[in-house]
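S.K.: Each chain, written out:
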Amino acid sequence: MKGLAASSPTMARLMPPLKLLPGLLFLVVFLVVPLGLLLIMSFWRASYGGVEIQWTLANYERLFSRPIYLQLMLKSTRIAFTATALTILVAYPFAYWVAGKPPRRRAQLVFLVLIPFWTSFVVRTFAWIPLLGNNGVINYLLLKLGLIAQPLDIFLFNEFTVQLGLLYVYLPYAILPILLSLERLDRNLLYVAADLGAGPLQQLWRITLPLSLPGILSGAILVFILSISAYVTPALLGGASGVMIANVIPDLFGVGMNWPLGATVSLLLIVVTIAWICLVGLRIGLYRIFVEA
Amino acid sequence: MTDQSRRFSFLGLHAGILLVFLYLPILVIAALSFHDSTVFALPWQGFTTRWYTRAIANPALLEAFEHSLLLGIVVAIVAMTLGTAMALAFRLPFWGKSLVLVLILLPVMTPPIVHGVALAMFWRLSDLPLSLYGSAFVGHLCFVMPFVFLTIFPRVHKFDHSLEEAAMDLGASRSTTFWRITFPLMRPGIIAGGVLAFTLSFDEFMRTLFLTSDQLTLPLYLWAMVTNDPSPQSSAIATLIALFSLSCLAMWARFASKS
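Chains B and L, in that order, are what the protein sequence lines are. Using this note's numbering, read the first sequence as starting at 1 and increasing by one per residue. Using this note's numbering, read the second sequence as starting at 1 and increasing by one per residue.
None of these hints come from the bench; they were simulated from the model. Since this is a predicted model, take the numbers as computed values, not measurements. Don't take each hint at face value.
As the list claims (entries may be wrong) - Computed list of lysine-lysine pairs in DSS-like fashion (alpha-carbon distance at most 25 angstroms, straight line): (1) B:LYS19 x L:LYS97; (2) L:LYS97 x L:LYS158; (3) B:LYS19 x L:LYS158.
Stated by the list, open to error - Among chain L residues calculated to face chain B with C-beta under 10 angstroms, some are: (4) HIS14; (5) PRO43; (6) PHE47; (7) ARG50; (8) LEU69; (9) ILE73; (10) VAL74; (11) GLY83; (12) THR84; (13) ALA120; (14) MET121; (15) ASP203; (16) GLU204; (17) LEU249.
Glycine is no exception: its CB is placed at the ideal position from the N, C-alpha and C atoms.
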């Protein structure tokens with residue numbers, strides 16, 4: 001925050017400007033208050049078709065006594081972590097390659113990455129079924145080539161498919177911030193390093209990677225949050241073994257109807273998310289991660 | 001071959017594979033939208049355009065499209081206004097700025113499903129009926145706000161303040177300075193923010209699932225279709241959406257290159 005919050009001469013200028021009020025008020029009323037409500041509700045008792053304002057720790061007891069929620073949370077964390085690491089590993093070399101192109105070419109390539117983004121998210125995820133399914137394109141080709149005698153059902157409806165689907169839909173969320181931070185990198189630093197005898201790997205490790213860290217971290221935060229709370233991807237591609245935590249939440253608020261327990265499970269999801277943001281983000285600061293990248 | 005060029009060819013190969021990976025599902029969807037079969041599967045049964053004629057003649061789809069379009073436009077306009085005001089405010093130093101920034105970024109850091117559930121509970125406990133242009137609109141607006149702010153803010157942050165000071169020195173009033181100097185300089189950022197807000201709202205799924213009533217948006221309609229009765233019609237619809245977005249984008253690119 002240095003530089004932004006430069007010291008100001010008068011007290012009047014220290015007051016938050018009025019122009020902020022409508023936006024901030026909106027966010028407080030429709031995001032902070034509902035999240036607070038969720039927290040309060042997690043201490044209420046479920047009643048038939050709703051909630052009863054009666055303070056209890058029963059929901060938390062249930063969270064720990066019935067291992068399904070914690071197990072699902074653990075599994076979702078694992079899937080999201082793998083998907084995030086995979087996404088960054090795939091996105092970085094690509095962003096690095098794009099950053100080395102002349103500006104016009106770069107814009108075209110960014111455009112190329114974004115086009116799939118502008119078709120429906122739901123259908124883009126669903127598209128993997130006709131690709132990977134028993135009667136899908138891959139099995140069809142493998143059968144035609146004589147490589148297999150029976151269609152393989154290992155491609156679809158498991159954890160791997162979920163990770164693939166997450167990688168697919170969230171890749172641009174990692175490519176763009178990494179590219180932005182690489183574009184801002186002063187290439188002269190690399191020339192100097194080369195002059196001083198640093199090899200390509202050393203340049204990458206000592207200069208390029210550290211200076212593009214804000215981009216990597218903002219990608220890691222976005223992809224992780226979206227992956228750990230993924231609903232559509234596991235629902236369409238995960239099958240029984242690919243279920244994630246978000247897939248059980250709607251039932252608690254709908255058919256199964258246990259709002260307080262639903263609130264507690266949602267809070268668990270938030271706690272893991274916050275832990276990740278702290279782990280990844282706080283060392284270099286959210287301002288550098290989001291505003292600069 | 002120098003070391004440098006070989007390294008770059010590996011990167012090029014990686015980039016090529018990545019682009020194939022990005023486009024393969026899209027191409028499969030586009031191809032299957034012409035498939036003369038009721039299921040999403042090979043072998044190929046023949047060519048047909050009936051999924052397109054059905055999609056175009058589908059009144060529920062058209063209604064969902066209208067909902068998404070209108071909601072996206074309203075969300076974009078309001079978000080541009082609020083985002084511009086907040087970006088302008090952020091030029092000044094003030095107390096609690098980093099806290100305010102965290103608050104503005106909070107929608108990005110809240111898992112979409114938690115936001116959807118929390119707002120839905122808020123609505124029900126307030127005894128308000130869920131609706132597309134009420135609760136779903138509010139959810140969308142919260143969601144797009146940080147993106148719009150982050151698009152507009154660098155514009156305001158970077159430009160030369162002496163231009164505004166010069167205008168005031170020459171006798172321009174505050175509002176003249178704003179409309180003649182500040183606003184035109186911000187405009188590309190504001191428009192980009194609006195386009196982004198529309199795009200995000202148009203394809204928003206998770207919050208809408210919890211926040212709308214029986215009025216469906218396009219993503220919800222496609223979800224219902226894909227989970228209940230996955231026929232190639234959904235791939236025809238997806239192809240039409242892609243064509244629609246691309247033509248909007250082409251129009252925007254043209255407009256942007258002119259101004």
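S.K.: Next, verify each hint and record whether it holds.
M.R.: Hint check:
At roughly 13 angstroms between alpha-carbon atoms, LYS19 of chain B and LYS97 of chain L fall within 25 angstroms of each other, so this suggested pair holds. Between LYS97 of chain L and LYS158 of chain L the alpha-carbon distance is near 18 angstroms, which keeps this suggested pair within the 25 angstroms criterion. About 19 angstroms separates the Cα atoms of LYS19 of chain B and LYS158 of chain L, which keeps this hinted pair within 25 angstroms; it holds. The criterion of a C-beta within 10 angstroms of any C-beta in chain B is met by HIS14 of chain L, whose closest approach is roughly 5 angstroms, and the hint holds.
For PRO43 of chain L, the interface hint holds, since its Cβ comes within 10 angstroms of a Cβ in chain B; the closest pair sits about 7 angstroms apart. Interface restraint check: PHE47 of chain L against chain B, minimum CB-CB distance 16 angstroms, threshold 10 angstroms, status violated. Look at ARG50 of chain L: its Cβ only gets to about 18 angstroms from chain B, farther than 10 angstroms, so that hint breaks. Below 10 angstroms, beta-carbon pairs count as interface contacts, and LEU69 of chain L has none with chain B, the closest being about 14 angstroms; its hint is therefore violated.
The beta carbon of ILE73 of chain L comes no nearer than 16 angstroms to any beta carbon in chain B, farther than 10 angstroms, and the hint placing it at the interface is violated. A cut of 10 angstroms between beta carbons decides the hint on VAL74 of chain L: the least distance to chain B is about 14 angstroms, and the hint is violated. Here the hint on GLY83 of chain L is kept, as its CB sits about 7 angstroms from the closest CB of chain B, short of 10 angstroms. The restraint placing THR84 of chain L at the interface with chain B holds, with a minimum CB-CB distance near 9 angstroms, inside the 10 angstroms limit.
Contact between ALA120 of chain L and chain B, as hinted, is supported at the beta carbon level, the nearest pair being about 7 angstroms apart and thus within 10 angstroms. Because the closest C-beta pair between MET121 of chain L and chain B is about 6 angstroms apart, less than 10 angstroms, the hint holds. Annotation: interface hint on ASP203 of chain L holds; nearest CB of chain B at approximately 5 angstroms, less than 10 angstroms. Restraint check, GLU204 of chain L versus chain B: the minimum CB separation of about 9 angstroms is within 10 angstroms; hint holds.
A least Cβ separation of about 7 angstroms between LEU249 of chain L and chain B falls short of the 10 angstroms threshold, and the interface hint therefore holds.
The structure fails hints 6, 7, 8, 9, 10 (numbered hints given earlier, in ascending order).
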